[in-house]
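Novice: Construct the entire structure; sequences and hints are all you get.
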Amino acid sequence: MFRRTTITTTLAALGSIGTAAAAGDGEHHALPLYAPKLSEFLPISNSTIAVWIAVGLIVLFCKAATKEMKLIPTGLQNFAEWMIETLYDFLEGLLGKHLTSRTFWFFGSIFFFILTTNYLGLLPGVGTIGWNKVDAEGHAEFIPLLRGGNADLNMTSAMAFTFAILWFYWAITENGMKNFLAHIFAPKGDFKGGLLLAMIPVFLFVGVLEVISILIRPVALKFRLFGNIYGGEQTLESLMTLAPKWLAFLPALPFYFVELLVGFVQALVFTLLCAIFLKLICDHGDEAHH
Amino acid sequence: MISLIADSATQIIAASDAGAATSEGGPLAPFGWHPWYFLAQLINFFLVIFVLKKFAFGPIQEILEQRRNRIAEGEEKLKRIERQLAESEETTAAAIAKANEDAQRLITEAKESAAALSESKAQEAVAQAQLILSKAEAAAKAERAQIASELKKEFGRLVTSTTAQVTGKVLTDDDQSRINQEALAKVES
Chain B
1 MFRRTTITTT LAALGSIGTA AAAGDGEHHA LPLYAPKLSE FLPISNSTIA
51 VWIAVGLIVL FCKAATKEMK LIPTGLQNFA EWMIETLYDF LEGLLGKHLT
101 SRTFWFFGSI FFFILTTNYL GLLPGVGTIG WNKVDAEGHA EFIPLLRGGN
151 ADLNMTSAMA FTFAILWFYW AITENGMKNF LAHIFAPKGD FKGGLLLAMI
201 PVFLFVGVLE VISILIRPVA LKFRLFGNIY GGEQTLESLM TLAPKWLAFL
251 PALPFYFVEL LVGFVQALVF TLLCAIFLKL ICDHGDEAHH
Chain H
1 MISLIADSAT QIIAASDAGA ATSEGGPLAP FGWHPWYFLA QLINFFLVIF
51 VLKKFAFGPI QEILEQRRNR IAEGEEKLKR IERQLAESEE TTAAAIAKAN
101 EDAQRLITEA KESAAALSES KAQEAVAQAQ LILSKAEAAA KAERAQIASE
151 LKKEFGRLVT STTAQVTGKV LTDDDQSRIN QEALAKVES
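In order, the protein sequences belong to chains B and H. The first sequence begins at 1 in the UniProt record's numbering and counts up by one. The second sequence begins at 1 in the UniProt record's numbering and counts up by one.
The hints are simulated quantities; they were obtained by calculation from the structure and are not laboratory data. Be aware that one or more of the hints could be misleading.
Computed spacing ranges between beta-carbons, pair by pair [to be verified]: (1) H:T91 to B:L166: 54 to 60 Å; (2) B:V206 to H:P35: 29 to 35 Å; (3) B:T173 to H:E62: 23 to 29 Å; (4) H:G58 to B:T74: 25 to 31 Å; (5) H:G58 to B:V265: 23 to 29 Å; (6) B:L253 to H:G58: 37 to 43 Å; (7) B:L268 to H:E89: 48 to 54 Å; (8) H:E65 to B:D135: 53 to 59 Å; (9) B:L268 to H:S88: 50 to 56 Å; (10) H:F50 to B:D135: 37 to 43 Å; (11) B:L166 to H:E89: 52 to 58 Å.
The calculated EDC-like cross-link candidates involving lysine to aspartate or glutamate, where the alpha carbons are at most 16 Å apart (straight line), are [said to hold, decoys possible]: (12) B:K63 to B:E81; (13) B:K37 to B:D135; (14) B:K188 to B:E210; (15) H:K54 to B:E81; (16) H:K53 to B:E81; (17) B:K67 to H:E62; (18) B:K97 to H:E65.
Here chain B is said to cover these stretches of chain H; the calculated rule only asks that three of the stretch's residues, wherever they fall, bring their Cβ under 8 Å from a Cβ of chain B [as the list claims (entries may be wrong)]: (19) 66 to 74; (20) 166 to 178.
Quick reminder that beta carbons are idealized off the backbone N, C-alpha and C, glycines included.
Specialist: And the structure:
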C-alpha cells in the first residue's frame, strides 16, 4: 500500500508539468497507466508491439555481430564482445565464477532487453504516432501505436516473475532444500543448550519476515522499473505540451538526455538487484564452491 | 503550484480509473495488468532469452573462451620457452665450464708433458755433448800422440843424421837407438 501510494505521488508530481500545459490547449491527457489493447481477440497491446520490435532489433544485431566470428574481432563483433564481456566481468565480481557461468544467460538477457526496450521507447514516434478511438459516448481517446516496453506492468511483471522462479530454483539447487530452509529459518550464530532453544522462536519469526521480504522483492523490482520508465515517458510527453507544436521537441530535449541515462541505469539496477538477491540467497552455497 | 500538483494527481487517478475500467478487477487493474497480457509478455521475454542465448551469448562466449584458451596456451608456451631457454643457458654454461676445465687440464698436461720432454731432451743433448766432447778429446789425444810419435821419429832421425855428419862415422842401429833415446830424454825433461 505504501509503495503504491509512493508511486502515485511520484507520478502525480511528474505529471504536474504536463497538466499545467494541458490546461492551456485543452488537448493533452495524461499517459495512461495501462498499455491500450490493440486487438479484441489476442492479448496484444501497443507495448507488445514495441517488445516485438525490440526482439527483432536484438535478433538483427546478434545475427550481424555473430555472422562471421573471428578470433581477432572487428566492428560489430568487437562491440558485442565488449558489451557482453564487460557485463560478464561485472557480474563475476559480484556473484563469483560459478554462479556467473550458470546464470549469465538470464542476467545478460535481462540487461540487454531492458536497455533495448528503454531506448526504443525514446525513439520519435513511440507514443506519438497513433489514432483516435471514439467510444459509444463520443469521447475520443488517442491510442498510440507504440509504447515503451517497460512502461507496461505486464512486461516488468513477466521479467520479475521469471526471475523469482529462477531465483528459487538456483537457490535450492545451489544450497539444497535443507540448507535453503536453514538459510532462512535456522538460528545464525553459535548458540548452544537453552539459549539455542530460546532463540529458535526468534529466528522462526525472523524467517517469516525474511520470507515476506523475499516475496516482496520481485514485486518491488517490477514496480521500480515500471514506475521509472512510465514516469520518464509521462515527463517527456508533458514537457512537449509546454511549447507550441512546431517547437514541442525543445522543452523535452534536455530530458531526453536524462532518459538516456535513466534507461541505462534502470537496466543496470534491475540486473544488479536480481544478482544481489541471488548472491544473498546463495551465499552459503557459493562459499562451498570456492 | 499546489493546485497544479493536486490537479495532476487527479488526472493520474483518473487515468488509473480508466485503466481499472478497461481491465479486470484487482489491485493491479489500474496498471492494466491482465493474466493474458502477462502471459504474452512472458512469452516475449522467453523469446528474448532464447534469441540472446542462441545467437549472442553462446557464440560470443564460445569465442571469448577460445581466445582465453589461446592466450593461456600462449602464456604456457612462453613459460615453457623461457624454461627451456633457462635450461639451455644452464646446459650451455655447464658445457662451457666443462670445456674450460678440460682445456685447462689439457693445457696443464701439455705443459707438464712439454716440461718433461724438454728436460729429457736437454739431458739427451747434454749426454750427446759430453759424448761428442769425450770423442773429441780422445781424437785429439790420439792425434797428439801420433804427432808426438812422428815428431819423436823425425827428431831422432835429425839427431842421428846430425850426429853422423858431425862425427863422420857410420852409426849402427844400436848407436842410433841410444842417441835417439838420450836426445828424447833431454827434450822431454
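Novice: Against this structure, judge whether each hint is valid.
Specialist: Hint check:
{"no.": "1", "hint": "H:T91 to B:L166: 54 to 60 Å", "result": "holds (58 Å)"}
{"no.": "2", "hint": "B:V206 to H:P35: 29 to 35 Å", "result": "holds (34 Å)"}
{"no.": "3", "hint": "B:T173 to H:E62: 23 to 29 Å", "result": "holds (24 Å)"}
{"no.": "4", "hint": "H:G58 to B:T74: 25 to 31 Å", "result": "violated (20 Å)"}
{"no.": "5", "hint": "H:G58 to B:V265: 23 to 29 Å", "result": "holds (28 Å)"}
{"no.": "6", "hint": "B:L253 to H:G58: 37 to 43 Å", "result": "holds (40 Å)"}
{"no.": "7", "hint": "B:L268 to H:E89: 48 to 54 Å", "result": "holds (52 Å)"}
{"no.": "8", "hint": "H:E65 to B:D135: 53 to 59 Å", "result": "holds (57 Å)"}
{"no.": "9", "hint": "B:L268 to H:S88: 50 to 56 Å", "result": "holds (52 Å)"}
{"no.": "10", "hint": "H:F50 to B:D135: 37 to 43 Å", "result": "holds (39 Å)"}
{"no.": "11", "hint": "B:L166 to H:E89: 52 to 58 Å", "result": "holds (56 Å)"}
{"no.": "12", "hint": "B:K63 to B:E81", "result": "holds (13 Å)"}
{"no.": "13", "hint": "B:K37 to B:D135", "result": "holds (14 Å)"}
{"no.": "14", "hint": "B:K188 to B:E210", "result": "holds (13 Å)"}
{"no.": "15", "hint": "H:K54 to B:E81", "result": "holds (15 Å)"}
{"no.": "16", "hint": "H:K53 to B:E81", "result": "holds (14 Å)"}
{"no.": "17", "hint": "B:K67 to H:E62", "result": "holds (14 Å)"}
{"no.": "18", "hint": "B:K97 to H:E65", "result": "holds (14 Å)"}
{"no.": "19", "hint": "66 to 74", "result": "holds (count 3)"}
{"no.": "20", "hint": "166 to 178", "result": "violated (count 0)"}
Comparing the model with each numbered hint stated earlier shows that hints 4, 20 do not hold.
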